[in-house]
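We have chain A; now place chain B onto it with these hints.
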Amino acid sequence: MLEVCLQKRLAHFHLDVTFTTGQELTVLFGPSGSGKSLTLRMLAGVERPDSGYIRLDGTSLYESALGRHLAPQQRGIGYVPQQYGLFPHLTVADNIAFGLTHLTRQTRRQRVAELLELFGMQGLEHRLPRQLSGGQQQRVALARALAVQPRLLLLDEPFAALDGVLRDTLRQELMQVHARWGITVLVVTHDLADVYALGQQILVYDRGRILQQGTQEDVFMHPQTPRVAEFVHTRNILSAVVERSEAQTLWLRWHGYVLAAPPQPLAVGTSVHLCIRPSQVLIVRPERETTRRRENLVRGSVVRETMQTETYTVYMRVDHSDADSDLEIHLPSYVYYRLGLDRQKRLLVELRREAMHLIPSQETAHHATLPTCTAASLETSARHDGHRVHASPLGRR
Amino acid sequence: MYLTPLFLGLPTVCVVAFVALPLLAIVLKVLPQEHLWATISAPLVTEALRLSLLTSLSSLVIAIVCGTPVAYLLARYRFRGLRLVETLIDLPMVLPPTVAGVALLMAFGRRGLIGPWLQAVGLQLSFSTTAVVLAQCFVCLPFYIRAAQAGFRSVDPELERVAHTLGVSVWRTFFRVTVPLAFPALLSGSVMAWARALGEFGATMMFAGNLRGRTQTMPLAIYLALESDLLAAMVLAALLILVSCSVLLCLRALVRRGEPAAYA
Chain A
1 MLEVCLQKRL
11 AHFHLDVTFT
21 TGQELTVLFG
31 PSGSGKSLTL
41 RMLAGVERPD
51 SGYIRLDGTS
61 LYESALGRHL
71 APQQRGIGYV
81 PQQYGLFPHL
91 TVADNIAFGL
101 THLTRQTRRQ
111 RVAELLELFG
121 MQGLEHRLPR
131 QLSGGQQQRV
141 ALARALAVQP
151 RLLLLDEPFA
161 ALDGVLRDTL
171 RQELMQVHAR
181 WGITVLVVTH
191 DLADVYALGQ
201 QILVYDRGRI
211 LQQGTQEDVF
221 MHPQTPRVAE
231 FVHTRNILSA
241 VVERSEAQTL
251 WLRWHGYVLA
261 APPQPLAVGT
271 SVHLCIRPSQ
281 VLIVRPERET
291 TRRRENLVRG
301 SVVRETMQTE
311 TYTVYMRVDH
321 SDADSDLEIH
331 LPSYVYYRLG
341 LDRQKRLLVE
351 LRREAMHLIP
361 SQETAHHATL
371 PTCTAASLET
381 SARHDGHRVH
391 ASPLGRR
Chain B
1 MYLTPLFLGL
11 PTVCVVAFVA
21 LPLLAIVLKV
31 LPQEHLWATI
41 SAPLVTEALR
51 LSLLTSLSSL
61 VIAIVCGTPV
71 AYLLARYRFR
81 GLRLVETLID
91 LPMVLPPTVA
101 GVALLMAFGR
111 RGLIGPWLQA
121 VGLQLSFSTT
131 AVVLAQCFVC
141 LPFYIRAAQA
151 GFRSVDPELE
161 RVAHTLGVSV
171 WRTFFRVTVP
181 LAFPALLSGS
191 VMAWARALGE
201 FGATMMFAGN
211 LRGRTQTMPL
221 AIYLALESDL
231 LAAMVLAALL
241 ILVSCSVLLC
251 LRALVRRGEP
261 AAYA
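Going down the list, the sequences are from chains A and B.
Just so we're aligned, residue 1 is where the first sequence starts under full-length UniProt numbering, counting upward by one.
Just so we're aligned, residue 1 is where the second sequence starts under full-length UniProt numbering, counting upward by one.
Bear in mind the hints are in silico, worked out from the structure with no lab data behind them.
Yeah, the Cβ is synthetic: ideal placement off N, Cα and C, and Gly gets one too.
Do not take every clue at face value.
Stated by the list, open to error - Listed next, the stretches of chain B that the computed footprint assigns to chain A, with coverage defined by at least 3 CB atoms under 8 Å from CB atoms of chain A: (1) 18-28; (2) 151-160; (3) 199-209.
Stated by the list, open to error - If you want a taste of the chain A side facing chain B, the calculated C-beta under 10 Å gives, among others: (4) Arg75; (5) Gly76; (6) Val80; (7) Gln82; (8) Leu90; (9) Ala93; (10) Leu100; (11) Thr104.
If we strip away everything but chain A, and leave its shape as in the complex, we get (with noise of 0.2 Å):
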């Protein structure tokens, strides 16, 4: 288990993040310059802390109250930079070598074999990294971090440089590596596709704060704030307010609409943020119209369309209302077509109860970050303890 509470203020920036996770696979996720890389350095111990404590399986490599700061040499600590940072002088058996100096020439060549072949590279170890394919370079960069046995994995954008299909490829190596180390793995990304693909734990980042942490359905389905819910691809953030609240159903007011939301216990006149992610909206043939009981029909027409290759993105103009209010609609082609939206751009959309998440915009100010282990956010972490799931770890002692 990790336990991590870092503080660090440079120049323009103030990194302030808690957080505790355990085997899984642990997504850092958010835009570039929220701090992801500096706690992945700080946690590999090249970067100092102002203050706070890192915590790896009980033992604690660097305890702020205690002046306590494990050099990286003794905190066994794997860690692949950005652009994988290979000795570019030495060839790939002697980079994955690097960190085996302790061991005879026999078991090191041995080691170094193994793992040449679990990462499917007999043949290569006497090539130059200049000399490897992006995806190579980044099995070497793997191989020589494991080659040491690390407790924890430190990965930075390790997808970043290469192109689509390989990523996919090397994606599926790195969750087999995880499974099949059985280590902590963090891996830091900006890149949704990632967080799809790898996240059992993720970590949204933004400012040098932690906005929420969770699985991928608590992160995608439930954002806390407006911000998560942006960077997860939310796309339909819809301003409505609570028109009326009853034991069944929240009736929300939004553009002359009055929607049936699910119930929360919220006051009338409350400002709501209404996500409805872009697959969940429901078009409706207008020959069903009637066909079941139906609620929070929306009318209006296509403004824009833009096509991928396997969906179509359109983009719905609420009647009586201005771009503001758009509504996003990812659909596959086949359904675009059965549609007929090809010919005729009126649109009728179903906005499912069960597909809108709710964010109360007035408390977005306390859930703006996850409490802090400094003595100033102690109060707002106890405040806040009863509905969260992912205490801070002072909270659990």
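Leaving out everything else, chain B in the frame of chain A:
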């Protein structure tokens, strides 16, 4: 395009001829001489050669040992006064060597700033072989330090950090990662420094004097011999040319083999 031969070719030919002609002249003058071998083995020449090699190599070793940490510090760390330190280190490169010699005399000479203290502990630096080495170090250190600094700066510090996370000590990382990657720069810096030390004249003359066997290096011997024994002066000069040329050629071959671009 018609102008190319005139405006680019002609100056190039002139410059090449201007550099080559004097060198060629010495060789052509020296080779047909009858007493060539006798002159080469004359004490004036051999002693100067021995002393030059001894002092310039000592200076080079000192420059590498003392200059490498300085270069690494300047390449890796940002601190207040960095500019000042860099400027100070550069100064001997632009300073006239005679000025350097006088300055050294004023500092370490018998009546110099710390000369009396050195004398109190039994050290008399001026007009000794040590003084020659000091003078050479003074002028050649910047050449090594600046080249090494550029070399270290070209090595991505991330590589060193990765090495540390692999459990490899700071020292081992330095010698297995940093030095090999900066090697072309370190090598050419060393050669430049050594060449500068070998050719050092002004500062040595002022600070160490011109005593045969003790402070009379090849450039000083040439200066002395020019009045008495022209052939000896020419032989010494030819030797220096030979050494310079071969060092330059070797360096080029070595650097090309380990060019940093080869790793990119």
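Results of checking the hints against the structure:
1. Counting residues of the segment 18-28 of chain B whose C-beta lies closer than 8 Å to any C-beta of chain A gives 0; at least three are required, and the coverage claim is violated.
2. Check result for the segment 151-160 of chain B against chain A: holds, 3 residues qualifying (beta carbon to beta carbon below 8 Å, three or more required).
3. Coverage of the segment 199-209 of chain B by chain A is violated in this model, with 0 residues showing a Cβ closer than 8 Å to a Cβ of that chain against a need of three.
4. For arginine 75 (chain A), the shortest C-beta to C-beta distance to chain B is roughly 7 Å, which falls under 10 Å, so the interface hint holds.
5. Because the beta carbon of glycine 76 (chain A) sits about 8 Å from the nearest beta carbon in chain B, less than 10 Å, this interface hint is met.
6. About 8 Å separates the beta-carbon of valine 80 (chain A) from the nearest beta-carbon of chain B, less than 10 Å, and the hint is met.
7. Nearest Cβ of chain B to the Cβ of glutamine 82 (chain A): about 8 Å, under the 10 Å cut. The hint holds.
8. Hint status for leucine 90 (chain A) relative to chain B: holds, with the closest Cβ pair at about 8 Å, below 10 Å.
9. Because the beta carbon of alanine 93 (chain A) sits about 14 Å from the nearest beta carbon in chain B, more than 10 Å, this interface hint is broken.
10. For leucine 100 (chain A), the shortest C-beta to C-beta distance to chain B is roughly 9 Å, which falls under 10 Å, so the interface hint holds.
11. Against a cut-off of 10 Å between C-beta atoms, the interface hint on threonine 104 (chain A) is violated, since the closest Cβ of chain B lies about 16 Å away.
Violated hints, in rising order: 1, 3, 9 and 11; the structure is consistent with all others.
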